[in-house]
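Here are the chains, one letter per residue:
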Amino acid sequence: MVTFTVKVEAEGGLHARPASMLVNKANAFDSKIRISKGEKTAEAKSILNIMTLGVKKGEELKIEVDGADEQEAAEALKQLFASNFAI
Amino acid sequence: MFQKWFSKKKESTTIAIAAPLTGRVMPLEEVPDPVFAQKMAGDGIAILPTDGLLVSPVSGKVAHVFPTHHAIGLVNAEGLELLIHIGIDTVKLNGEGFQPFVQVGDQVSVGDKLIHFDLEKIKAAGYSLITPVLITNHEMLASITFTAGAEVQAGSGIVMEALLK
Chain A
1 MVTFTVKVEA EGGLHARPAS MLVNKANAFD SKIRISKGEK TAEAKSILNI
51 MTLGVKKGEE LKIEVDGADE QEAAEALKQL FASNFAI
Chain B
1 MFQKWFSKKK ESTTIAIAAP LTGRVMPLEE VPDPVFAQKM AGDGIAILPT
51 DGLLVSPVSG KVAHVFPTHH AIGLVNAEGL ELLIHIGIDT VKLNGEGFQP
101 FVQVGDQVSV GDKLIHFDLE KIKAAGYSLI TPVLITNHEM LASITFTAGA
151 EVQAGSGIVM EALLK
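Listed in order, the protein sequences are those of chains A and B. Position one of the first sequence corresponds to residue 1 (this note's numbering), numbered consecutively onward. Position one of the second sequence corresponds to residue 1 (this note's numbering), numbered consecutively onward.
If you are wondering where the hints come from, they were derived from the structure by calculation, not from laboratory data. Take these hints with a grain of salt, some might be off.
Label pairs and their calculated CB-CB ranges [what the hints assert, rightly or not]: (1) B:S59 with A:S83: 21 to 31 Å; (2) B:P67 with A:V6: 16 to 26 Å; (3) A:K57 with B:H116: 22 to 32 Å.
One side only, chain B facing chain A, incomplete, derived with CB under 8 Å [as the list claims (entries may be wrong)]: (4) T68; (5) T136; (6) M140.
To spell it out: a stretch of chain A is covered by chain B in this simulated footprint if at least three of its residues, at any positions, have a beta carbon under 8 Å from a beta carbon of chain B; those stretches are [as the list claims (entries may be wrong)]: (7) 29–42; (8) 50–62.
Glycine residues also receive a C-beta, built at the ideal position from the N, C-alpha and C atoms.
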């Protein structure tokens, strides 16, 4: 399992657009991906789940990636956050 | 008419989704935002509203209301998740012009008021009013059918049918 933290820089937090991009990226991998904000955890493959976390700009998230392609998945997710959800 | 839709829904697990807005139905591909147009957020339709009242297109539960009140997530009895996003890029309005009538956990029926939004204000601020109506857990979907260009009335009629796997 790979665990890392990211800081959300997206204006407005993880609203529909970045949440969609996150789910899309997560769905490209077989690994199980969980995103936590404090006590709350969401499945990265469900957009509604992610939005329910109510992530605001500037907040930190813990991401756990578990599966055969966890390294690639973790790398892709880190890049997504680092690029601030550029299309 | 309605009788027919509902009996059909049970036999073939087709879920009928009522119009959440009054306006014109558009294919998602025409939404001026790649996240929606490329169906990254989910499959469905978009509506260009002519009135600022969003009502529930299904019977179910409110799963999420954005803090800025420009979008809402619903889950119906069959577990289908819907996301309705009023306008494009409207997160930037910070809730200005949006008034919610429901909160997370509320049970809603078809036609119940969800959010009122100020059409003129959003337009004046330079944002598109095109509103994607999406099924976000599309792994449940076999296909959807809708009529592009149809003029629909909020809370009445069927705007899209979702055939489940």
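Hints, one by one, checked against the model:
Between S59 of chain B and S83 of chain A the C-beta distance comes to about 40 Å, which lies outside the given range of 21 to 31 Å. Evaluation of the 16 to 26 Å hint for P67 of chain B and V6 of chain A yields a pass: the beta carbon distance comes to about 20 Å. Distance hint check: the CB atoms of K57 of chain A and H116 of chain B are about 26 Å apart, consistent with the given range 22 to 32 Å. Taking 8 Å as the C-beta contact cut-off toward chain A, the hint placing T68 of chain B at the interface holds, the least distance being around 7 Å.
For T136 of chain B, the interface hint holds, the least distance from its beta-carbon to any beta-carbon of chain A being 4 Å, beneath 8 Å. At about 11 Å, the closest approach between the beta carbon of M140 of chain B and any beta carbon in chain A exceeds 8 Å, and the interface hint on this residue is violated. With a threshold of 8 Å between beta carbons, the proposed coverage of the region 29–42 of chain A by chain B is violated, since 0 of its residues qualify and at least three are required. Residues of the region 50–62 of chain A with a Cβ under 8 Å from some Cβ of chain B number 4, which satisfies the need for three, so the listed coverage holds.
Hint compliance for this structure: hints 1, 6, 7 are not met, and every other hint is.
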